[in-house]
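Engineer: Assemble chain D onto chain G, guided by the hints.
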Amino acid sequence: MRITYTLVQVAAALMSDAGKRHWGYELSKLSGVRSGVMYPILQRMLDDGLLVDGWEAQAHAGKAKRPPRRYYELTDVGKTALGAVLVQARRDPRFQPIMAPGIVRMAT
Amino acid sequence: MDAPILHALAWPTLGTAVLVFGFAPGAALRLILLLYRRDHPRRQELLGELYAVPRIERPFWVAQQLEIALFEGLSGRLAARRPSSVGKLDDTLMTRHDSAGHRVLGFAFGAAVVVVLVVLDAIPLNWAAQAFGLDSGGTWLVTVILVVASAGAMLGFELTREHPRRRVLLAAVVAVGYAGLLGLRTEFLTTAAAESVLVALLQSAMLAAISAGFVLCGAAVLARTRPLGLSRSRAATRRARQAAAEARAAQAQAMVRTPLAHCEVTEDVFFADHRGLRYAVGAALVGLLVMLDVIPLNWAAQAFGLDSGGTWLVTVILVVASVGAMLGFQLTRRDARRHGLLVSTVAAGYLALLMLRMEYLGTVFGEALLPAILQAVLLTAISAALVLCGSAVLARIAPRLTGEDDHVRG
Chain G
1 MRITYTLVQV AAALMSDAGK RHWGYELSKL SGVRSGVMYP ILQRMLDDGL
51 LVDGWEAQAH AGKAKRPPRR YYELTDVGKT ALGAVLVQAR RDPRFQPIMA
101 PGIVRMAT
Chain D
1 MDAPILHALA WPTLGTAVLV FGFAPGAALR LILLLYRRDH PRRQELLGEL
51 YAVPRIERPF WVAQQLEIAL FEGLSGRLAA RRPSSVGKLD DTLMTRHDSA
101 GHRVLGFAFG AAVVVVLVVL DAIPLNWAAQ AFGLDSGGTW LVTVILVVAS
151 AGAMLGFELT REHPRRRVLL AAVVAVGYAG LLGLRTEFLT TAAAESVLVA
201 LLQSAMLAAI SAGFVLCGAA VLARTRPLGL SRSRAATRRA RQAAAEARAA
251 QAQAMVRTPL AHCEVTEDVF FADHRGLRYA VGAALVGLLV MLDVIPLNWA
301 AQAFGLDSGG TWLVTVILVV ASVGAMLGFQ LTRRDARRHG LLVSTVAAGY
351 LALLMLRMEY LGTVFGEALL PAILQAVLLT AISAALVLCG SAVLARIAPR
401 LTGEDDHVRG
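Protein sequences, first through last, are from chains G and D. Mapping of the first sequence onto this note's numbering: position 40 corresponds to residue 40, and the numbering continues sequentially without gaps. Mapping of the second sequence onto this note's numbering: position 225 corresponds to residue 225, and the numbering continues sequentially without gaps.
I should point out that these hints are in silico values taken from the structure, not numbers from a laboratory. Since we're looking at a predicted model, the values are computed, not measured. Among the hints, a few may not be true.
[Claimed, not checked] Just a few of them, taken from the derived set where beta-carbon distance is under 10 Å, the chain G residues facing chain D:
| no. | residue |
| --- | --- |
| 1 | Thr6 |
| 2 | Trp55 |
| 3 | Ala61 |
[Claimed, not checked] Here are the in silico distance ranges between beta carbons for each label pair:
| no. | chain 1 | residue 1 | chain 2 | residue 2 | range |
| --- | --- | --- | --- | --- | --- |
| 4 | G | Lys29 | D | Pro164 | 52 to 58 Å |
| 5 | D | Thr191 | G | Lys29 | 52 to 58 Å |
| 6 | D | Ala108 | G | Asp92 | 43 to 49 Å |
| 7 | D | Ala249 | G | His60 | 27 to 33 Å |
| 8 | G | Asp92 | D | Glu57 | 27 to 33 Å |
| 9 | D | Val148 | G | His60 | 49 to 55 Å |
| 10 | D | Arg241 | G | His60 | 33 to 39 Å |
| 11 | D | Leu74 | G | His60 | 29 to 35 Å |
| 12 | G | Val52 | D | Gly305 | 58 to 64 Å |
| 13 | G | Asp92 | D | Tyr279 | 28 to 34 Å |
| 14 | G | Asp92 | D | Ala240 | 43 to 49 Å |
| 15 | D | Thr363 | G | Gln96 | 45 to 51 Å |
| 16 | D | Leu155 | G | Lys29 | 45 to 51 Å |
| 17 | D | Val119 | G | Gln96 | 48 to 54 Å |
Where is the CB? At the ideal position from N, CA and C, for every residue including glycine.
Extracted from the complex, chain G is given alone in its bound form:
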């Protein structure tokens, strides 16, 4: 399987806290991937059932005086699949600079 740099970055960001709900801007910052590249990847993951999405509670957003945010959460399938991506990336020297040891341990 071919793995790209941006995929590994997004996967690493999502798996950095696999049980947590993530949202777009935060993921973009965490992964260092531009939103123009990241959103299509997220959309594909959603389409393939690796992620589920949802909206922040209106009450919470209202309290912060902003529109509700869209959250992404890894499914069990997604955790396994992205874990596999990270394990494969760890073996590939190209991805060494972006593979934090903690993330890889967690993925394995």
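Structural biologist: Relative to the frame of chain G, chain D by itself:
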């Protein structure tokens, strides 16, 4: 370029740039989001995230969203509008207004694009209007007349689509108009600004070409825009078809099985084919962006304090560097280190231009520090945004296939 021109042009351009990149990122983002379908979740998502982005990053973040909206939202809209075997289109209207199926843009969207083109055309037309040698009010009046004529030309090219003779006549009239403006402008530059004939002619030709380009783009957009009645009919059809497609997608989703046992992820999950832009269209878009980039880069080049020829030489160098940056971003896409190095180099270059321009505005024009900073930052932001857009377009261009490739693909 001479000082009065700079002063006259700074404010309309400044206003547009402020609106888009500066103080109204929320409004700009809402406009950008119109590119998405009404029911696309990205509309709400990006609005929700805007307020989490630090204020200083917002203009750049909003500029990035334009890139996504163009390639995700717009392509989604076009895909949704493409006739398919699912559902029936309003055949009567389609046959009457668009028998060839070229009208892929909705009425509202097409009209909005044309308005944007007309507004952008006001800039070169205002330059041209200065050649009449009137005072400020008179110049703006002439600008308005030229803008109306320009919009009329766009409409005229569309209305005479079925009448080749009238169309040729219109094209001749427009060409004569531009030739007149070119002559006036050249004379103005040689007499009022004491430019050499060659430089004056070059400047005037570029101005006329930019304005003519906007008119042709506007006519092309109009040719691809559906009339209001057809647009409404298509929208109703699309909504019905979309509801059916969503129902089918939900059914298909329920049947998907991911090969968990091997922890495999299918390649097409992550390697979506983003290169959907045809080579010719992509190359033309990049060419247009580079042409537009000439304007801010020429302003920036003035800060070197050279004579007219020297300024144009610097402009050409900056344009080449700008094209190099677009290509460089594309070529280093898969190499993060080189990409980072390139980004740093480009950022350093823009920073240097920004500081030079600030100093130039402060010393030569006696601008206060704040307006000088604001103008210099906007200039840099506009040029940088054009480079980013260019690199984004390059990233989406499908490679040109050779005959052999075609054979293999077939």
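Engineer: For every hint, state whether the structure bears it out.
Structural biologist: These are the hints, each one checked on the structure:
1. Look at Thr6 of chain G: its Cβ gets to within about 9 Å of chain D, closer than 10 Å, so that hint holds up.
2. With a least beta-carbon distance of about 8 Å to chain D, the hint placing Trp55 of chain G at the interface is held under the 10 Å criterion.
3. Because the beta carbon of Ala61 of chain G sits about 7 Å from the nearest beta carbon in chain D, less than 10 Å, this interface hint is met.
4. One distance hint, 52 to 58 Å for the beta-carbon pair Lys29 of chain G and Pro164 of chain D, holds here, with the actual separation near 56 Å.
5. Judged by the Cβ atoms, the range 52 to 58 Å given for Thr191 of chain D and Lys29 of chain G holds: they are separated by roughly 56 Å.
6. Between Ala108 of chain D and Asp92 of chain G, the C-beta spacing of about 48 Å keeps the proposed range 43 to 49 Å intact.
7. About 29 Å separates the C-beta atoms of Ala249 of chain D and His60 of chain G, a value consistent with the hinted range of 27 to 33 Å.
8. Asp92 of chain G and Glu57 of chain D have their C-beta atoms about 32 Å apart, which keeps the hinted 27 to 33 Å range intact.
9. The hinted range of 49 to 55 Å is satisfied by Val148 of chain D and His60 of chain G, whose Cβ atoms lie roughly 51 Å apart.
10. Take Arg241 of chain D and His60 of chain G: their Cβ atoms lie about 36 Å apart, and the range 33 to 39 Å holds.
11. Distance hint check: the CB atoms of Leu74 of chain D and His60 of chain G are about 32 Å apart, consistent with the given range 29 to 35 Å.
12. A hinted range of 58 to 64 Å holds for the C-beta pair Val52 of chain G and Gly305 of chain D, which are about 59 Å apart.
13. Asp92 of chain G and Tyr279 of chain D have their C-beta atoms about 32 Å apart, which keeps the hinted 28 to 34 Å range intact.
14. The hint said 43 to 49 Å for the Cβ distance between Asp92 of chain G and Ala240 of chain D, and at roughly 48 Å that hint holds.
15. The hinted range of 45 to 51 Å is satisfied by Thr363 of chain D and Gln96 of chain G, whose Cβ atoms lie roughly 50 Å apart.
16. Taking 45 to 51 Å as the suggested C-beta distance range, the pair Leu155 of chain D and Lys29 of chain G conforms, at roughly 46 Å.
17. The supplied range of 48 to 54 Å is met by Val119 of chain D and Gln96 of chain G, whose beta-carbon atoms lie about 50 Å from each other.
The structure meets every hint from the earlier list without exception.
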